[in-house]
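Enquirer: Chains as they are written, first to last, in numbering that gives the first Met the number 0: chain A, 0 to 227; chain C, 0 to 227.
No wet-lab data here; the hints were simulated from the structure. Heads up, some of the hints might be wrong.
Just some of the chain A residues that point at chain C, by a computed CB distance under 7 Å [as the list claims (entries may be wrong)]: (1) 29; (2) 40; (3) 70; (4) 71; (5) 75; (6) 81; (7) 125; (8) 126; (9) 147; (10) 149; (11) 152; (12) 153; (13) 154; (14) 171; (15) 174; (16) 178.
Please read these numbers as outputs of a predicted model, since none were measured by experiment. Note that beta-carbon positions come from the ideal geometry of N, C-alpha and C, so glycine has one too.
Protein chains: 2
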Amino acid sequence: MSARVITVRRDVQAAARSSAAEFRLRCTERGTLVVNVLSSPGAGKTSLLAATARFWSARENAPRMAVLVGDLATDRDARRLAPWTPVVQMTTGGACHLELPLVERAMAALGDFDGEFLFIENVGNLVCPASHDLGEHLRVLLLSTTEGDDKPAKYPKAFRTSQALVVSKLDLLPYVPFSVQAAAADAHEIQPDLAVLPLSALNGQGIDEWCRYLETTRTSILGQSNAE
Amino acid sequence: MSARVITVRRDVQAAARSSAAEFRLRCTERGTLVVNVLSSPGAGKTSLLAATARFWSARENAPRMAVLVGDLATDRDARRLAPWTPVVQMTTGGACHLELPLVERAMAALGDFDGEFLFIENVGNLVCPASHDLGEHLRVLLLSTTEGDDKPAKYPKAFRTSQALVVSKLDLLPYVPFSVQAAAADAHEIQPDLAVLPLSALNGQGIDEWCRYLETTRTSILGQSNAE
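Could you put together the complete structure from these sequences and hints?
Expert: See below:
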């Protein structure tokens with residue numbers, strides 16, 4: 000837990016200090032699963048990560064997590080997350096996606112983090128972030144029920160390169176023309192192996208399944224249990 | 000009205016055939032106000048344009064409109080609009096924003112359009128489209144009530160370069176943590192002259208004010224009434 004907010008800004012002079020593969024390997028060796036979280040603006044990335052931190056904080060022997068959060072400007076998201084989890088705000092100065100050098104500087108600002116989960120909350124954008132490997136083990140895409148179930152085929156690369164689809168804002172389902180089944184079917188046309196996790200960060204529905212999915216996936220990818 | 004859907008695709012070889020200023024001038028001479036519509040994916044651009052076409056179609060001597068609609072892939076939006084208005088689908092093949100050469104090809108596919116309003120529905124993205132002048136007279140940004148009222152300062156360029164902010168999905172206001180006043184105040188910090196138009200394309204609330212705003216703005220910019 001930390002209420003301190005650190006902000007790192009894009010350094011346009013910085014060369015990539017290492018490849019995404021090297022970053023991923025370093026995190027693997029520490030036992031840290033790196034999760035790159037993508038979505039449109041306002042789909043609920045920050046709310047999901049806050050709900051995840053709250054869920055785990057209430058449990059004994061829960062995984063430790065930290066968040067590197069990206070935006071064009073402001074440290075608003077880091078301030079929302081700071082009561083619940085260690086967090087570093089990254090600002091891109093207008094760029095539409097995160098790149099590895101900024102993530103590495105944010106990781107350094109976080110200190111010697113060796114917890115089980117490092118979440119990278121990307122800039123709100125369904126297009127550009129899909130083309131950039133940030134050294135993550137797992138790419139998670141959020142689609143909120145208010146965005147419409149016709150989005151997968153319209154933004155194919157984001158869906159094709161992700162391993163999990165979180166359908167967020169399930170609490171609004173009674174008020175919007177959205178079918179979880181239709182969205183999942185459209186997404187599976189593009190990426191048949193996509194795990195689909197409907198949830199509401201507002202009322203907590205599905206948060207336990209989401210956290211269980213993360214823990215199972217970490218064990219499967221890193222070959223380690225949380226207890227190790 | 001046309002139920003025919005034409006699709007034009009990005010031609011990566013095409014040089015810009017004319018400048019945005021030249022395109023704007025040609026449209027001014029025809030009496031056509033060009034409106035570039037920006038938002039996140041799923042904020043309701045297509046629904047707003049369909050509601051606009053329906054509103055005008057019920058009125059005598061209403062303005063004539065056409066829509067050029069952009070997406071990475073699919074002609075889904077054009078199919079939604081085709082029952083209500085002439086429309087051409089533009090697909091960018093993965094690019095995160097529209098550029099003028101594609102708009103000009105779509106305009107040619109539309110034929111000799113000399114109606115009062117040409118809407119360009121940009122790719123769903125709050126970042127990249129803000130940096131590209133498509134020859135519009137008016138840039139309109141949609142922010143849906145489900146995206147959160149903290150977005151303006153986080154995506155400053157889109158707000159700074161727009162003349163109007165449509166707050167969409169007003170029907171969902173009872174169910175989401177969103178204040179129209181807070182969003183407007185945040186946006187006015189960035190662009191004090193921004194017109195703010197709250198509405199719901201679903202239940203029709205605010206659509207008349209939106210259409211009146213468009214007609215007044217056209218008269219003010221082009222110096223012509225719709226009757227001319």
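Enquirer: Each of the hints needs a verdict: does it hold here or not?
Expert: Evaluated hints:
{"no.": "1", "hint": "29", "in the structure": "violated (31 Å)"}
{"no.": "2", "hint": "40", "in the structure": "holds (5 Å)"}
{"no.": "3", "hint": "70", "in the structure": "holds (5 Å)"}
{"no.": "4", "hint": "71", "in the structure": "holds (6 Å)"}
{"no.": "5", "hint": "75", "in the structure": "holds (5 Å)"}
{"no.": "6", "hint": "81", "in the structure": "violated (15 Å)"}
{"no.": "7", "hint": "125", "in the structure": "holds (5 Å)"}
{"no.": "8", "hint": "126", "in the structure": "holds (4 Å)"}
{"no.": "9", "hint": "147", "in the structure": "holds (5 Å)"}
{"no.": "10", "hint": "149", "in the structure": "holds (5 Å)"}
{"no.": "11", "hint": "152", "in the structure": "holds (5 Å)"}
{"no.": "12", "hint": "153", "in the structure": "holds (5 Å)"}
{"no.": "13", "hint": "154", "in the structure": "holds (6 Å)"}
{"no.": "14", "hint": "171", "in the structure": "holds (6 Å)"}
{"no.": "15", "hint": "174", "in the structure": "holds (6 Å)"}
{"no.": "16", "hint": "178", "in the structure": "violated (14 Å)"}
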